[in-house]
Amino acid sequence: MSASSAFNDEKGGSSSVGEPEYGHDPASGGIFSSDYKRHDDLKEMLDSNKDSLKLEAMKRIVAMIARGKNASDLFPAVVKNVACKNIEVKKLVYVYLVRYAEEQQDLALLSISTFQRGLKDPNQLIRASALRVLSSIRVTIIVPIMMLAIKEAASDMSPYVRKTAAHAIPKLYSLDPEQKDQLIEVIEKLLADKTTLVAGSVVMAFEEVCPERIDLIHKNYRKLCNLLIDVEEWGQVVIINMLTRYARTQFLNPNMNESLLEEGNDKTFYGSDEDEDEEEEEKDKKAEATMAKRKPYVMDPDHRLLLRNTKPLLQSRNAAVVMAVAQLYFHLAPKVEVGVIAKALVRLLRSHSEVQYVVLQNVATMTIKRRGMFEPYLKSFYIRSTDPTQIKVLKLEVLTNLANETNISTILREFQTYIKSMDKDFVAATIQAIGRCATNIGEVRDTCLNGLVQLLSNRDELVVAESVVVIKKLLQMQPEKHSDIIKHMAKLTDNIQVPMARASILWLIGEYCEHVPKIAPDVLRKMAKSFTNEEDIVKLQIINLAAKLYLTNSKQTKLLTQYVLNLAKYDQNYDIRDRARFIRQLIVPTEKSGALSKYAKKLFLALKPAPVLESPFKDRDHFQLGSLSHLLNAKAGGYQELPDWPEAAPDPSVRNVEVPEWTKCSSREKRKEKKVEKPFYSDSEGESGPTESADSESDSASGSEIGSGIEESGSGSESEESEEGSESEEEEEEEEEKDKKKTKKELKKPVQESESEQSSEEEERKHKRKSKQRKSDSESESDEDEESESESSQSESEDSESEAEVKKKKKAAESKPPSKPVKKESKKEKKEMSLLDLDDFEPAPSPQVTPVNTFLSSSLVTDLEGLSLSDAVLSPATISPSSALKSYELLHRIRGEGLSVEYCFSRQPFSPDGNMVAVQMQFTNNATSETKNLHMEDVKLQSGMRVKEFPEIELLPAGETATAVMGIDFCDSTQAANFQLCSHIRKFFVSIQPPVGELMRPVFLTENEFKKEQGQLMGMNEITEKLTLDAKCRNEHAIVQRVTTAANLSRVPCGSDRECRFAGRTVTSGSLVLATVATKEEGDAQLTVNCEKMVIGTMLVKDILLALTQ
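Take the sequence shown: its position 278, counting from 1, is numbered 278 in the numbering used here, and each next residue is one higher.
Quick caveat, the hints were computed from the structure, so don't treat them as lab data. Positions of the beta carbon are idealized from the N, C-alpha and C atoms, including for glycine. Heads up, some of the hints might be wrong.
[As the list claims (entries may be wrong)] With a Cα cut of at most 25 Å, we get these calculated BS3-like pairs of lysine-lysine: (1) K1032 / K151; (2) K91 / K59; (3) K948 / K987; (4) K91 / K43; (5) K487 / K529; (6) K987 / K1011; (7) K1011 / K223; (8) K608 / K618; (9) K558 / K602; (10) K219 / K1012; (11) K602 / K555; (12) K558 / K601; (13) K151 / K948; (14) K194 / K151; (15) K1012 / K223; (16) K529 / K598; (17) K1011 / K1102; (18) K1032 / K948; (19) K120 / K1026; (20) K618 / K635.
[What the hints assert, rightly or not] Derived CB-CB ranges, DEER-like: (21) K379 / G1019: 51 to 61 Å; (22) D425 / K223: 19 to 29 Å; (23) Q116 / R370: 52 to 62 Å; (24) N926 / C982: 17 to 27 Å; (25) C982 / G1019: 44 to 54 Å; (26) D47 / K1011: 45 to 55 Å; (27) G1019 / Y639: 31 to 41 Å.
Generate the whole structure from the sequences, applying the supplied hints.
Put into structure tokens, the structure is as follows:
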């Protein structure tokens, strides 16, 4: 660092402790001091072995940075401490590095391995700081490392680290825009985050990287609306601005019918004034026709959700949040509701002048279109003497916009006071405001004009000049009435020196020279004298005045005009020279002049329309209020245009988060388990009539309504179900009876119906009856429980029976021509197929399966036959994997001297100990002699593992096979269990090593439970991999088969066709294992495993990947 910069850093402030004192007087030699000893004491402290010294040094360095001192020369000394074990020191080192990493990139790169280690630190603050430093090193070579770090941080358990990942996304995007696609994936993942800490940051990243990808917001829209109230303030601002743009693309304009009505009314009003009745009547008829065609507006529930959830934020202490909500209401709310923002904005006028300036800019824009909402607060916009000039001018603007016939007298009295102010710019603005009031309200035009004329005698030249300019504009409206004023103004040319005012007077006299024929030539004479000393704007008006007088009064002014044109001919300004040549050719006809000179009088003395005095804020509302672009009235970099309202409402179902109807059964199912002893039919059945009908109506509601209801009410559906209490069971019984009747009626339909009709009816019936059938199924299951049979064996036998029936019916359907019985069978087949469609796997081969008819009454069988899906079907026993069990070789017959042993993991509970994995062993004697006393000895296990030995096989004759089951507690690890297999003559060393998929047992979860558990196993407990599915594994059935073969997991029902979900628990510890296979286009898929035990999760991902890709 140079000596001069050292001096600059130190001057004007006391040097911090440990820094050399430099003389502030140049003569003292401070400028020329060498700085090689600067900060030596801090460097020594940083190099010491004591953490307390390092901490003190870092505190002083951070304090220096906070005071604006340059501490970059300490970078090498600080960066060495990045590996310090003291957390407090490490935090401060990271604070320092974030500040200087961009300037000292080479040195920062040397420590990159330390930052990467920091990303794995147990302390969330260190992980976040490491990511922050890494994203501050702006070198393209580390882009892949940054990308990896961001992806890992996006899955971190700590919301603070995920928030930091969201902050790092725009930094990486600005460094390398080619990473956009990968960053969008991370943004999509973070948008699904349910924590309020992350929401604002990820929406900011979305706005920076891909604001056009509005499809990413659909599924998260309702969640963002509901989280909004709890998000930190700056996050609220970002989310509200983004949702404003989103709503403009997804909802209809709430004021569309009102605006059409207003247009119609305006036309009628003006039509009667101008006597153009016929045309106006036609227009009115057209307007009425369009009104009749247009449907009455009904606000989308999601639109209402946004307005309802943002309204409380008008009471926020943060002005930016209030402003954001105000602009949202202005752009999105119906006119009748916009008024609520006025009070909140007026409250902000008591804040700092900077806040007032921004708020008044937006209020000025609002008052042009929505004047009424601010009228009650007129006095809040009165000007205080302490207000800065820019605030005064904006308040004047608002007062002028609010002026109407009722309050104009009050406003003009205020303006009279303002004219006496010492602030000349403010006085000028007030005079312009008076002019605008006079233009807009005809009743006070004369009053305003008289007041302005009185101002012409004011001592202050600026006041007079501004008055002249405004009077000139007002006189253009009725010049013939005010020739006295024009004469009065002509006399002012001697006194007023302000160029704009002089030019305005000359233009008035020239334009209305016929009203002042005697004064006009004299004014030209005076002006010709001082022509050479005038400003350019005045010279141009003198030339215009001369030309107009030459055309109307050439006798008196011919010579004067020639004199002025000759002076202008040799003027220094080329505009004036050009104007003089042009006018000479136009008004003084010569042989060379063309036909245009004939029309000179029409050109110069044409009637000119009166100027419209408009607010400068008139067209600003096309910029989003509250934005920098609106403030500047110019498009700023990065500004997103506010979209126009759509003509037709886009599909609202895109915002529905899929929550299938069957999930509603889960809580009822739980209640029934508690109330098994209750009789099947309740005594109070008759009382539940109305409730039942209401329930059936709600069940047949459209999917979108159900979706939005679930989203908006959160856990509302569950609470409602719990309130229903005992009535629910009676309702379900009645619904079951109704369903049976419906089915019978439908089966009696004529045979002539086409197949397409049948299929469409069947589809509709499926949708309407899904939930009811499930309820009735579960009822029948509970009844069967009373028959004292186990639920699992029932469901297995049911399933196997249903599959057998389906196969038979398929054959029958193929062989027979269409007839009535076939139609019945085909309908049954469809119902059975719906069960298969949802399960997509075969029942597990189990020795315990018994025929249904042995323990089910015939009536129950017929009842069950008509149902498409029972909750028993979803029980763990049925869902367990169906594929043939894989065998492993334990002892080869050659090594075993004729004895061969194979083992498999039976996936059945090991009855002596539930924490052990059941291993089924098959002994085959291939020798010619018998084998005796087969047993285990010398078991060698890793710590924590246990073995339950199989019972000794006393005799295995030649050519025979025997089976035995042993139990091993692998302690949730894939370590091998080593032991000796002994016969009566030999011992063989063998080992059993389990695949990771066999260390778990299936568990049944509903979709809601699955999502809840998955939400708790995020961050480090979630592993995601992308894969391309094998060509034979592109359908749901194949995926389920391969996953359940690779791992002992059960299928979890899922509302989406493109997702397969599986769940299980580890056998020893009962840790939850969740797997999701989400399929995409062209065989692409994504595998996600959530597991409390990260090692098991990692190994399981590898096994499932192998199963799905080979």
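Range hint compliance [Cβ, D47 to K1011, 45 to 55 Å]: 53 Å, holds
If I claimed the Cβ atoms of N926 and C982 lie 17 to 27 Å apart, would that claim hold in this structure? Hint holds: Cβ distance 18 Å, inside 17 to 27 Å.
Just to be careful, I want the Cα atoms of K1032 and K948 compared with a cutoff of 25 Å; is the pair within it? 40 Å, violated
Does K608 pair with K618 here, judged by a C-alpha cut-off of 25 Å? Since the Cα atoms of K608 and K618 sit roughly 23 Å apart, the hinted pair holds (cutoff 25 Å).
Is the Cα-Cα distance between K529 and K598 25 Å or less? 30 Å, violated
Against the range 31 to 41 Å, how does the distance between the Cβ atoms of G1019 and Y639 compare: consistent or not? 36 Å, holds
Taking only the CA atoms, is the gap from K558 to K601 under or equal to 25 Å? Distance of about 15 Å is within 25 Å: holds.
Measure nothing beyond the straight line between the CA atoms of K618 and K635; if it is 25 Å or shorter, mark the hint as holding. Between K618 and K635 the Cα gap is close to 16 Å, so the pair holds against 25 Å.
Does the structure keep K1032 and K151 at a Cα separation of 25 Å or less? With Cα atoms ~31 Å apart, K1032 and K151 exceed 25 Å; violated.
Given the hint that K1011 pairs with K223, does the C-alpha gap stay at or below 25 Å? Within the cut-off at roughly 15 Å; holds.
Taken at face value, is the distance from the CA of K1026 to the CA of K120 at most 25 Å? 23 Å, holds
Taking 25 Å as the top limit, are the C-alpha atoms of K487 and K529 close enough? Distance ~20 Å between K487 and K529 Cα, so the pair holds.
Checked against the numbered hints above, the structure breaks hints 1, 6, 13, 16, 18 and 22 and satisfies the rest.
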